[in-house]
Amino acid sequence: MTTVSPTVPVRQGAAHISTTALRLAGPGEPDHLDPVCVAQPASAQLARLSTRSLFGYVGDPDPLSWRPVTPMADLAATVPSIYNAGIGASHRSIVVTLRPGVRWDTTPPRAVTAHDVVRGLKRLGNPVYRPAALPYFTSMIRGMAEFCAGYVAAVPDPNPSAAQLAAYQNEYDIAGVFALDDETVVFELTRPALDLPHLLALPCAAPAPVEYDAFVPGSPALRSHLHSTGPYRPVATESGEQLRWEPNPAWRAETDPLRSRYLSGVELTTGPGSPRELAQRISAGEIDLAWGIAVTGPSGGEPTHDPAWAMDPYLLLNTRSPHASAAVRDVVVRRAIASAIDHRVRTALAEIAVAAEPGWLARVATSLIPPGNDGHRSEHPPLGATVDRPGARAEGREEPLATGAGPDVDGALILVHPRTGIAGSVARVCAEALARAGIAVRCVELADAEHRRVLRDAHRERWDIAVASRHPEWSQLGGRVFVQPLAEGCPAAGPPIARALDAVAEPARAVVAWREAEQRILDNAAVVPLLFRAPCAPPLVNERIHGILTLPSLAHQVDLTALQLDPSV
Amino acid sequence: MGDYLQSAGSASIARGAALAKACEIWDEIGRDRIQRRALGLGDHARTRIAEHFGAEAMYSPGADERLRSPLVAFRPFRSPRDAWNLRKVHEYTSRLEAEHRIWVRWTEFDVPGSPHQHYAARVCPHVYNDTAEIDHAVAVMARLAAEMS
Numbered sequence: 001m002t003t004v005s006p007t008v009p010v011r012q013g014a015a016h017i018s019t020t021a022l023r024l025a026g027p028g029e030p031d032h033l034d035p036v037c038v039a040q041p042a043s044a045q046l047a048r049l050s051t052r053s054l055f056g057y058v059g060d061p062d063p064l065s066w067r068p069v070t071p072m073a074d075l076a077a078t079v080p081s082i083y084n085a086g087i088g089a090s091h092r093s094i095v096v097t098l099r100p101g102v103r104w105d106t107t108p109p110r111a112v113t114a115h116d117v118v119r120g121l122k123r124l125g126n127p128v129y130r131p132a133a134l135p136y137f138t139s140m141i142r143g144m145a146e147f148c149a150g151y152v153a154a155v156p157d158p159n160p161s162a163a164q165l166a167a168y169q170n171e172y173d174i175a176g177v178f179a180l181d182d183e184t185v186v187f188e189l190t191r192p193a194l195d196l197p198h199l200l201a202l203p204c205a206a207p208a209p210v211e212y213d214a215f216v217p218g219s220p221a222l223r224s225h226l227h228s229t230g231p232y233r234p235v236a237t238e239s240g241e242q243l244r245w246e247p248n249p250a251w252r253a254e255t256d257p258l259r260s261r262y263l264s265g266v267e268l269t270t271g272p273g274s275p276r277e278l279a280q281r282i283s284a285g286e287i288d289l290a291w292g293i294a295v296t297g298p299s300g301g302e303p304t305h306d307p308a309w310a311m312d313p314y315l316l317l318n319t320r321s322p323h324a325s326a327a328v329r330d331v332v333v334r335r336a337i338a339s340a341i342d343h344r345v346r347t348a349l350a351e352i353a354v355a356a357e358p359g360w361l362a363r364v365a366t367s368l369i370p371p372g373n374d375g376h377r378s379e380h381p382p383l384g385a386t387v388d389r390p391g392a393r394a395e396g397r398e399e400p401l402a403t404g405a406g407p408d409v410d411g412a413l414i415l416v417h418p419r420t421g422i423a424g425s426v427a428r429v430c431a432e433a434l435a436r437a438g439i440a441v442r443c444v445e446l447a448d449a450e451h452r453r454v455l456r457d458a459h460r461e462r463w464d465i466a467v468a469s470r471h472p473e474w475s476q477l478g479g480r481v482f483v484q485p486l487a488e489g490c491p492a493a494g495p496p497i498a499r500a501l502d503a504v505a506e507p508a509r510a511v512v513a514w515r516e517a518e519q520r521i522l523d524n525a526a527v528v529p530l531l532f533r534a535p536c537a538p539p540l541v542n543e544r545i546h547g548i549l550t551l552p553s554l555a556h557q558v559d560l561t562a563l564q565l566d567p568s569v
Numbered sequence: 001m002g003d004y005l006q007s008a009g010s011a012s013i014a015r016g017a018a019l020a021k022a023c024e025i026w027d028e029i030g031r032d033r034i035q036r037r038a039l040g041l042g043d044h045a046r047t048r049i050a051e052h053f054g055a056e057a058m059y060s061p062g063a064d065e066r067l068r069s070p071l072v073a074f075r076p077f078r079s080p081r082d083a084w085n086l087r088k089v090h091e092y093t094s095r096l097e098a099e100h101r102i103w104v105r106w107t108e109f110d111v112p113g114s115p116h117q118h119y120a121a122r123v124c125p126h127v128y129n130d131t132a133e134i135d136h137a138v139a140v141m142a143r144l145a146a147e148m149s
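Taken in order, these protein sequences are the chains called A and B.
Residue numbering for the first sequence follows the working numbering, starting at 1 and increasing by one per position.
Residue numbering for the second sequence follows the working numbering, starting at 1 and increasing by one per position.
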């Protein structure tokens, strides 16, 4: 299947850009193109084509370079500091001045303003599609939690109209985010925070033009009316068609320090395909690069530097599931499930992962925080070791189940997993281990997009266990990115998380608090870590591709805006 | 004070000697005398600022003797919304330094009932200042604030 579409050569600044489009192919669909809904690394890779945030990262061929892991000014003119009056004396006031000359691809092109930044952050609180990153913002920005709670209360309709959503956003403000003028945004924090630029580098925190008020976030209607600030812009297509991006005429290279544009376009063809099949198509010249699935070149072995590990995969237990007489709501059952996944099971999973995707390292995971991050520890106390709150015994925490006995579960639990990657094998191995422990499980394969949806709507869906993965959104101060998003449904983790965030100037104290929060989440047994994984080989690409740079913030996927195509190949 | 003189880098013997001399002069003048003079200059500055900017622009408490200090924080601009315009307050203090060689700081703090933190200009007369300098500085600050308002 070839998707080459010849176009007229275009010149962008001094650099020629290719006459053919970049051809991507992979299984599944992007979860969303609306920036506020972008959560998966594969979607973030596409979002980078057309979405710019206040801060961002840039790739570097040097694996030890600071540039891919340190937030740099993107839409912002500079990174705020005490030296440029961007951070106040209390370290709780952050002033961001926008870079001049950045425009939306509206007709006519219009400047990106501070009001667009505020609107983008307000959209985070929408009750229709709340990003997984929202807890970062509600715990950091003054008034964000109240704004989001008020949003839900004001718009209780499960299928609200765009007008209802816009009415709330335009009537109420986030107390700690406001535009001083068209070029200046002020953030007031609940506590000093070193990682605010990382948060504001997320695609979901990108500015939103006023035109988005006419659409429900993530809706199909908005997909045809997206506006771009990046070097490319999505071409309106019907559902099911090939997705395409074309050069954004409003983008100017001199206003974008983090991206380039050498391509005449980008095309994404989705459809079934294993890593092996995609690798064959890349080698045959049918496509340039795989999308949404790891297809790597020969393994380089253990990296000489500390890679950015992901928790991939882990088991997520649905603490709100009504299925099987709500068995998984019982911590005794959850702990029995966690206990059934022992070291032998994890070792078997690691062998499966390395065999299926040899370009990725795999290590057995018994903790949430991977190696190389603040708070990681290789040895963990047993479940329940740090539980000291009243009622822990009453919840059955101290009665481990004998192997094979099994808890009292009414029928088979449902284990959902996505179709792509090693998730199916992981589900099968875990189901077998649970069966040995006396817990019957039925595996259900879902299309990737459907899998993401049922995980997001856990309270409405009848599933008990899910195979999931977590790639860090940023690579510095890493305890937070693995612990805080996984603390949902575990109130006991709240106090240590707050202590960790408060200890920004005392890293040793923060580490202790992150570890305590991690242990409480593990004790709650709603998350069962399986493997840590990190790439040890570059992505496999067609020989005509140059400028391959990967970004940890994209789960080590290629920065598409840096790619060049060799016209002679 | 040592941290203030040099918070990082290689030790400076010259600065150490300067610190020793400063302490010597400090003790020679007497700490009580320095405090009395600083507080007196602070009172003078507070009075002048209230005259030019209005009592409602003052943040630093003057009524309670126990909270007396030479630090005087005030809102320089007429619009109440400018109280949380850090950018404008920063420009104000920067222009005072660049155009008039008057060095004041800006600072921020929570104010009950306000939707945002307030940003204030803050002057602090020192023992080596005199009332004429304060009168001149406050007059310049008032002119610049009026221009920027």
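Just so you know, these hints were derived from the structure itself, not from any lab.
Bear in mind that the values here come from a model prediction, so they are computed numbers and not experimental data.
Backbone N, C-alpha and C fix where the C-beta goes; we use that ideal spot for every residue, glycine too.
Hints may contain errors.
To be verified - Stretch-level coverage of chain A by chain B, calculated; a stretch enters the list once three of its residues show a Cβ under 8 angstroms from a Cβ in chain B:
1) 80 to 89
2) 174 to 181
3) 184 to 195
4) 371 to 378
Hint check:
With 3 residues having a Cβ less than 8 angstroms from any Cβ of chain B, the segment 80 to 89 of chain A passes the three-residue criterion, so the hint holds. Under a criterion of three residues with beta carbons nearer than 8 angstroms to beta carbons of chain B, the stated coverage of the segment 174 to 181 of chain A is upheld, 5 such residues being counted. Given as covered by chain B, the segment 184 to 195 of chain A passes the check, having 3 residues with a CB less than 8 angstroms from a CB of that chain where 3 are the minimum. Counting residues of the segment 371 to 378 of chain A whose CB lies closer than 8 angstroms to any CB of chain B gives 0, which falls below the minimum of 3, so the coverage claim is violated.
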